[in-house]
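Novice: Chains as they are written, first to last, in our numbering: chain F, 228 to 540; chain D, 3 to 126.
Rather than coming from a laboratory, the hints here were simulated on the basis of the structure.
Each hint should be verified, as a subset may be incorrect.
[As the list claims (entries may be wrong)] Stretch-level coverage of chain F by chain D, calculated; a stretch enters the list once three of its residues show a Cβ under 8 Å from a Cβ in chain D:
(1) 321-335
(2) 372-385
(3) 390-402
(4) 496-505
The beta-carbon is built from N, C-alpha and C at its ideal position, and this holds for glycine as well.
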Amino acid sequence: MANSADGSNDGISRRSVLECMTWAGTGVLWTISGGVPHSLGLIDEAIAAEPNKFTFMQISDSHVGFDKPANPNVIGTLEEAIAKIKSLPAKPSFLIHTGDITHLSKPAEFDNAQGVLSKVGMDVHYVPGEHDLLDENAKLYLERYGKNAKGAGWYSFDAGGAHFVGLVNVANLKAGGLGNLGDEQLKWLADDLKGKSAETPIVVFAHIPLWTVYEKWGWGTDDGARALELLKRFGSVTVLNGHIHQVMQKVEGNVAFHTAMATAFPQPAPGAAPSPGPMKVPDDKLRSLLGITEVDIMRGQQRLALIDKPLQG
Amino acid sequence: MMTDGHAMQVSIADRLWPCAAVAALAGAVTAALILQTFAAAENATATIDNFTFAPERLIVHAGTTVTWRNEDDIPHTVASESRLFKSQALDTDDSFSFTFTNPGTYQYFCSLHPRMTGTVVVEP
Chain F
228 MANSADGSND GISRRSVLEC MTWAGTGVLW TISGGVPHSL GLIDEAIAAE
278 PNKFTFMQIS DSHVGFDKPA NPNVIGTLEE AIAKIKSLPA KPSFLIHTGD
328 ITHLSKPAEF DNAQGVLSKV GMDVHYVPGE HDLLDENAKL YLERYGKNAK
378 GAGWYSFDAG GAHFVGLVNV ANLKAGGLGN LGDEQLKWLA DDLKGKSAET
428 PIVVFAHIPL WTVYEKWGWG TDDGARALEL LKRFGSVTVL NGHIHQVMQK
478 VEGNVAFHTA MATAFPQPAP GAAPSPGPMK VPDDKLRSLL GITEVDIMRG
528 QQRLALIDKP LQG
Chain D
3 MMTDGHAMQV SIADRLWPCA AVAALAGAVT AALILQTFAA AENATATIDN
53 FTFAPERLIV HAGTTVTWRN EDDIPHTVAS ESRLFKSQAL DTDDSFSFTF
103 TNPGTYQYFC SLHPRMTGTV VVEP
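Generate the whole structure from the sequences, applying the supplied hints.
Specialist: Structure representation (structure tokens):
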């Protein structure tokens, strides 16, 4: 849907859909069972059928401080995203923010973002985007969100019968490269996963996609494959990312990859523009390209269902 | 860029020369210092737009101050691979300057978007 906002991108859009299973929609729900995606039908119907579910939300790329024409009011759209989460009939257990909370890592941007996000009324688990680590030694991010984290901000926790791992692939990036996890973090991940049974559903979240979406635009992680190697023995792995400001999905073996919409501004489909910068769309289309993601873990079943919900449309 | 720099140096020298001729000794020394400073103070510019440094390869003389200006609608940085220099995050219309004193080849990149790379070649 991100791609169809601009009629001129239709050709790319159709190709992207075929190649990457791109979609961003309302009400389509799918679940992973043994690595095979199944559509379960409309949201309400599916949720009603699963009273035992554990739910959490993902939002991404709020870019508080951004004020360019692609969206001069990113605080307003972040507020709308939070309001949408609060209006859900079943309260999610927590919220994951997959980075680029701020645009320029300024203290006021962190404060303003926090002012909105704290109203969601549930725990928020963060990982940083590259826009959140711009000050000296990433002090502002780590002071706020890195208290129980290692290194540049990675950590894990258990909830709803699943094991959640927040990774940082935006620190110490190397010239010419993509996102980067680094040896220290990968070693920590190997230790963290030790002793977890293969039946434990694993949810990994990080800012830049762990799989290569589009190398030319830097949309991938150089050593992402090393992380996936550590995850391959698990029966259900879900990888949640942001960074590219549009929904993309891929299933590889038991691993389901998913990137979320931004709450701030859309970006073009891979190769659809000269660069991956903010995409200006007609005002009445903007809210159909921004949104939130709901993730359901069905207890006793190794499958996660991901539902992308635009702010409007 | 280089040609402009030299042209400026000559015209300043022409204007300064009559002054130095009539000045006291101290004044002449000052004028000579001004000439020397100017000879080294060449400027060059590069732009950042569409996630690209332009020109991607910039050739300058030693002593040149290179100024990068971000004309993109997303922030970028200018970071030397050898860590010789690194800008703050440059928002739209922000600039960063660095003076290259020593000849050599300097690779740099955007630390936010590391696929963006550029080179400054400093000749004697």
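Novice: For the segment 496-505 of chain F, do three or more residues have a beta carbon lying closer than 8 Å to a beta carbon of chain D?
Specialist: holds (count 5)
Novice: When I compare C-beta atoms, does the segment 321-335 of chain F have three or more residues closer than 8 Å to chain D?
Specialist: As far as the segment 321-335 of chain F goes, the hint holds, because 3 residues have Cβ atoms under 8 Å from chain D.
Novice: How about the segment 390-402 of chain F: do at least three of its residues have a C-beta closer than 8 Å to a C-beta of chain D?
Specialist: It holds: at least three residues are needed, and the segment 390-402 of chain F offers 3 whose Cβ sits within less than 8 Å of chain D.
Novice: Three residues minimum, CB to CB under 8 Å: does the segment 372-385 of chain F make the cut for coverage by chain D? Let me know.
Specialist: Coverage by chain D is violated for the segment 372-385 of chain F (0 residues, Cβ < 8 Å).
Comparing the model with each earlier hint shows a violation of hint 2 alone; every other hint is respected.
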